[in-house]
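Asker: If you're matching them up, the sequences are chains A and S in order.
Residue numbers for the first sequence follow the working numbering, so the first one is 255 and each next one is one higher.
Residue numbers for the second sequence follow the working numbering, so the first one is -1 and each next one is one higher.
No lab work stands behind these hints: they were computed from the structure.
Since this is a predicted model, take the numbers as computed values, not measurements.
Even glycine gets a Cβ: it sits at the ideal position worked out from N, Cα and C.
Each hint should be verified, as a subset may be incorrect.
One-sided excerpt, in silico: chain S residues whose CB lies under 7 Å from chain A [as the list claims (entries may be wrong)]:
(1) Gly22
(2) Asn24
(3) Leu25
(4) Ser30
(5) Ile35
(6) Gln37
(7) Asp38
(8) Met76
(9) Gln77
(10) Lys93
(11) Asn99
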Amino acid sequence: TWRKRRERSRDRHKSRSKESSRSEKSVTINAPPAEPLLGDQSVRGEEVQDDNWGETTTAVTGTSEHSLSQEDIVRISKDLDDSVGLDCKRYLNVALSVILGLVVFLTPLAFLILPHLLWPDRLRACGTACEGLFISVAFKLLILLLAVWALFFRPPRAGLPRIFVFRALLATLVLLFVLSYWLFYGVRILDSQDEDYQGIVQYAVSLVDALLFIHYLAIVLLELRQLQPFFSLCVTRSTDGATQHYNLGQLSIQRAAVVILENYYKDFPVHNPALLTASKSRAAKHLAGLKVYNVDGPGENNAAAGIAQSQSRAMIAAAARRRDSSHNELYYEEAEHERRVRKRRARLVVAVEEAFTHIRRMQEEEQKKAPGDVMDPREAAQAIFPSMARALQKYLRTTRQQHLHSMESIQQHLAFSITNNMTPKAFLESYLTTGPTLQYGKDRWLARQWTLISEASVTSGLKDGTVFLLKCIDFSLVVTTKKIPYIQLAEEFIDPKSHKFMLRLQSETSV
Amino acid sequence: MSFIPGHPVTAVVQRIEIHKLRDGDNLILGFSIGGGIDQDPSQNPFSEDKTDKGIYVTRVSKGGPAEVAGLRMGDKIMQVNGWDMTMVTHDQARKKLTKKNEDVVRLLVTRKSLENAVRQSMMQH
Chain A
255 TWRKRRERSR
265 DRHKSRSKES
275 SRSEKSVTIN
285 APPAEPLLGD
295 QSVRGEEVQD
305 DNWGETTTAV
315 TGTSEHSLSQ
325 EDIVRISKDL
335 DDSVGLDCKR
345 YLNVALSVIL
355 GLVVFLTPLA
365 FLILPHLLWP
375 DRLRACGTAC
385 EGLFISVAFK
395 LLILLLAVWA
405 LFFRPPRAGL
415 PRIFVFRALL
425 ATLVLLFVLS
435 YWLFYGVRIL
445 DSQDEDYQGI
455 VQYAVSLVDA
465 LLFIHYLAIV
475 LLELRQLQPF
485 FSLCVTRSTD
495 GATQHYNLGQ
505 LSIQRAAVVI
515 LENYYKDFPV
525 HNPALLTASK
535 SRAAKHLAGL
545 KVYNVDGPGE
555 NNAAAGIAQS
565 QSRAMIAAAA
575 RRRDSSHNEL
585 YYEEAEHERR
595 VRKRRARLVV
605 AVEEAFTHIR
615 RMQEEEQKKA
625 PGDVMDPREA
635 AQAIFPSMAR
645 ALQKYLRTTR
655 QQHLHSMESI
665 QQHLAFSITN
675 NMTPKAFLES
685 YLTTGPTLQY
695 GKDRWLARQW
705 TLISEASVTS
715 GLKDGTVFLL
725 KCIDFSLVVT
735 TKKIPYIQLA
745 EEFIDPKSHK
755 FMLRLQSETS
765 V
Chain S
-1 MSFIPGHPVT
9 AVVQRIEIHK
19 LRDGDNLILG
29 FSIGGGIDQD
39 PSQNPFSEDK
49 TDKGIYVTRV
59 SKGGPAEVAG
69 LRMGDKIMQV
79 NGWDMTMVTH
89 DQARKKLTKK
99 NEDVVRLLVT
109 RKSLENAVRQ
119 SMMQH
């Protein structure tokens, strides 16, 4: 009945508008001395105005739909994804770091062993203090090995477009350091064939100490510095406006982008292109209803740019003035959609609850009959799936989620819920609300290959007001940076005695 | 009547003897008291010094034994039957006045007019 009501109100609306003054609906177009519709040839031919132009001219509408569907685009982009990228860059990094590590690790050992190999007879015997230093060198090297393994040999979580500046600096520092030690060793010890072995051992110990300090520097620069939050980043998805805020420390833009993307997969609801078609069609309808006709016919010739400008201005003026009822349609459409979703959801919840109670009853019966013979959750899922499949599919189609879940995944999830004794509400949770991207299979993500677009250099640090884009094929994430304000805390001391109150009375007694 | 801590209080007092009236089971005196060391002295309308925590007569019932004996509203009671009333709580003052086994209470009261009268008489000499 509500639909009839809507049509009735629209009719009333139309009749009312006819009664109002005509000037509200007319559009004033500054008639340009314009080119005729059909070009120069027609000017020569049509000297006389054809009065039947209303029936004979055909207008070409501006909207045409391309027939390339969403799946085709995804398939094309997936082919680009699967092609092997620049993996040699990653292998080069690993190789370089392993070589550097070996050189650094073997240097102290070399310092200690070389005198014994080259001039063993001239070496003074190593006393007890010197032998103690051997133990210290051994343990320090072990600690260094474990520390380097813990810090540097972790599986990489992202591939960055430019070099990681701090790591490169540290590698250079270590290299220079070790080279200078070798230089000194070569000149002062190998050439002169020093006999003081204790001094050589102490030299090796000082090298290992310095390497441990460099490792400490690495920890501070790579791990600790960005832990203290300094900037607040606001990340907005361009298609539907989903926004999140993250607090980060002082990072370079590329590292901040990695952190944001890691959080994207768990915080943002999955990108659903089916939800965006409604607003697009509304926007297309808004201006498509207006067409510009040149009423003056063949007139003076003018530059084409003048026509285009005046035409667009005319269209904007017309669109602003016409009585736009699209907000009305939107309101009723949304109300109806909401009602439909709620109805389907109610049916779905009831169907699932019935299915689950059926399982529980069957489980109890099985336990009474033969305690050893319990039904496999997979079989149970397959047994009850048909009873709820229809309701679930209808619900998913209404909320436009049907492409995110396949029948196989639904059955798997059902078996999982039964195994873990979940209630029907827990089972339905992943279908009633759109979850984060990580919840769905990798082929549904539509967000695998990311491009970082930034005006500032991506290895430069974040600053207040930095804006950069993380572009994917279908959408992009717009990131703006704001500095967290400096907090000045002041103290106010309250004397505990001031909290004591005396109740002062004034009573009067008659005697 | 200002009170300097550590110094004795001096005042011109009047002796008033009130005979209690028997009203059924009670012995009434016919006036109301206010004040005391546990009360708020700043609310006392009769005291000159608003830190004075003494016992004051706030109301005298007409025709009662107190009025007959010469007690007036605003009098400060200094002693009741020898008991000091300048540094007592409100309840202690009430108890000293309403002892069931005493028929007569002998009060020492002071008021501003008494001091003025004494000063005037001294000035005349």
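Asker: If a hint holds in the structure, say so; if it doesn't, say that too.
Answerer: Going through the hints against the structure:
no., hint, result
1, Gly22, "violated, 15 Å"
2, Asn24, "violated, 10 Å"
3, Leu25, "violated, 9 Å"
4, Ser30, "holds, 4 Å"
5, Ile35, "violated, 12 Å"
6, Gln37, "holds, 5 Å"
7, Asp38, "holds, 3 Å"
8, Met76, "violated, 16 Å"
9, Gln77, "violated, 15 Å"
10, Lys93, "violated, 10 Å"
11, Asn99, "violated, 15 Å"
Checked against the numbered hints above, the structure violates hints 1, 2, 3, 5, 8, 9, 10, 11; every other hint is satisfied.
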